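*Asks:* All chains, full assembly: derive it from the sequences and hints.
Protein sequence lines, in the order shown, are assigned to chains A and B.
The letter at position 300 of the first sequence is residue 293 when you use the working numbering, and the numbering goes up by one with no holes.
Just add 26 to the spot in the second sequence (first one is 1) and you have the working numbering.
Keep in mind that the hints were calculated from the coordinates and are not lab data.
Check the hints yourself; a few may be wrong.
Claimed, not checked - Below are the BS3-like pairs computed for lysine-lysine, each with C-alpha atoms no more than 25 angstroms apart in a straight line: (1) 44(B) with 77(B); (2) 142(B) with 140(A); (3) 44(B) with 240(A); (4) 208(A) with 287(B); (5) 299(B) with 255(B); (6) 140(A) with 287(B).
Unchecked claim - Derived coverage of chain A by chain B (criterion: at least 3 residues anywhere in the stretch with Cβ under 8 angstroms from a Cβ of chain B; other residues may be distant): (7) 205 to 214; (8) 253 to 263.
In this text, all values refer to a predicted model and were calculated from it rather than measured experimentally.
Note that CB positions come from ideal geometry on N, CA and C, so glycine has one too.
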Amino acid sequence: MKIHEYQAKALLKNFSLPISKGTSLTDLKDVESAYKAAGTPVVAVKAQIHAGGRGKGGGVKIAKSLDEAQKYASQILGMNLVTHQTGPKGQKVRTLYIEAGTAIAKEMYLAVLLDRETSQLVIIAAGEGGMEIEELAHKSPEKIVRKQIDPLLGFRSFDGRLLGYALGLKETVHAELTTICQNLIRAYLALDASLVEINPLVLTADNHLVCLDAKMTIDDNGLYRHPEIEKLRDLYEEDALEMEAAKFGLNYVSLDGTVGCMVNGAGLAMATMDVIKLAGAEPANFLDVGGGATKEAVTEAFKIILKDTKVKAILVNIFGGIMKCDIIAAGILEAVKTTKLSLPLVVRLQGTRAPEGLKLLSESGLPIQTAETIGDAADKVVKAAGK
Amino acid sequence: MSILIDKNTKLIVQGIGKAGWFHAKQSIDYGTQVVGGVSPGKGGTFMEEDKYKVPVFNTVKDAVEKTGANATVIFVPPPFAADAILEAAFAGVKLLVAITEGIPVNDMIAVKAELKRRAADCLLIGPNCPGVVTIGECRIGIQPGSIGKRGVIGVLSRSGTLTYEAVDQVTRVGLGATTCVGIGGDPIHGADFIEILKRFKDDPETKGIIMIGEIGGSEEEAAAEWIQKNLKKPVVSFIAGATAPEGRRMGHAGAIVSGGKGTAKAKMEALRKAGVSVVDNPSNLGQMMKKVLENR
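*Replies:* Spelled out as structure tokens, the structure:
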């Protein structure tokens, strides 16, 4: 789960990270009090959306007076912010963050994330901040510093010194850098984060370090022990269908194509999308009804797929294991009736009692096409969607 | 022969609740020696139903001492699963199969580090995996027992249902399978592809290997490198998620392309370079395996 910058900063403050004074607001009448609360003549006016690239898209402005702050706030609040991460549709700005200005001497990049190869956390840092780390990794990978975090040893002072020299920082701020890294790791673990990114971390003109931006992602698997973070979920940033699917324990990701699909198992669901593409169309969604699909899950899944108006045809791909295909077939028939399905439907059943299941479908009198292989099913559904 | 498990494997079930008991019974039907269950507070009782009867112990330590169990399957809910894995490891169980989906990733960081430090000789499979089956001998986990016939192909995969697809297909083309291992869909898991490939390499009964990967991480790339250097047996592979959008988690917590890393394309290229036969359509796994074996 992603959270906003202002939310991440509020959480990180509890871990003693150096964060400037700032106020979030959703109404322009609060700009003046937010400006005054910042306590500096120069403030940053920042759009709060989950996507990155806000600055380039015009969602972050530096205001040198209250008048300017008000001007920028009125421009940004409510705007449709388009960045390389939002896609062409953009994201409407519903919250602003007004933060005290900082005199910047140097911008850097600092992040804590999981290194899957070693199953350890890793600190990633670079002496150049502000730009996308992927871009830097591509252009000058030698400028990126990595430090594995042994869970038993943590981040030590010497790690901080090595990092400080690598970033070109003077010895006088090495202790500060060490503390920041230690606290970021502490926050990462305590909050069940899957990413904490400070971009940029800045060296101020008076030789201190400040976290100027903060991006945090929380591990969905860890959310159960953080009800306070669950409350930070911004429903405007989430896909409504995905949220609804989650309520029924379905894994659903909305995509841009025309072929709706329902599959049991995440791997098979991805594979089904891939084969639809090979057959010449685009999948409308990823939908995993679970390895041991039940009748109820199948019905709910149909309802979710049908709410997506882009869908022109549906492919059901089930590999029956413990759950037998004839039972799944009965579930499909019931779902087709309950939802009064009028779109073309192709069903591929394989595994335990697949012939019996396919027979049930073909004898039902309903306009359902059946298939034996994924390839065959994809060809049929793509043809149907093209009509 | 086979790998990891066989008819002599003695299995206990940690978290012998609804799902745990259901699958314990399926495993017993398959011929697996299910020697006990672990459920704190229920020690000394039995799980009983029809012909099934399994003693329950309070701790894994008790279960191991009384039954000589050498493998465990973990169905414990996510908040307690990391603890259950460590309990089994420190009780001396050598094969731990964790089925549980949804364990916080940070819990697994600690588990991996502890296993490495204090139980290096024990092998963890999963979490978030369908388990291990040695066809016709032993079933640990949730894979359907009905789909495969014993034969010569080893199957390993990050996905459940795609594993079943592969087993079904190699059975249909007349090859059959030896052992099927689901290594799990979480970003941090126990055995990786290489650890299982090593065992298939050393198993004389396994003549060919089907390896099913998916987007996210770089395990497939590492496996490709290892295969090129160490493996003479033919490998057929499919990588799921070529059409998955960047930055979205596709069902499995570990199935995510981020920062341009972990794409299906890069994995397929690495595997092809290593001499692996990569199919674009998972329906062709069985046929391709047959073709590759015939052309040798």
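*Asks:* For each hint, tell me whether it holds in the structure or not.
*Replies:* Hints versus structure:
{"no.": "1", "hint": "44(B) with 77(B)", "verdict": "holds, 17 angstroms"}
{"no.": "2", "hint": "142(B) with 140(A)", "verdict": "holds, 20 angstroms"}
{"no.": "3", "hint": "44(B) with 240(A)", "verdict": "holds, 21 angstroms"}
{"no.": "4", "hint": "208(A) with 287(B)", "verdict": "holds, 19 angstroms"}
{"no.": "5", "hint": "299(B) with 255(B)", "verdict": "holds, 12 angstroms"}
{"no.": "6", "hint": "140(A) with 287(B)", "verdict": "holds, 19 angstroms"}
{"no.": "7", "hint": "205 to 214", "verdict": "holds (count 3)"}
{"no.": "8", "hint": "253 to 263", "verdict": "holds (count 8)"}
When each numbered hint is compared with the structure, no violation occurs for any of them.
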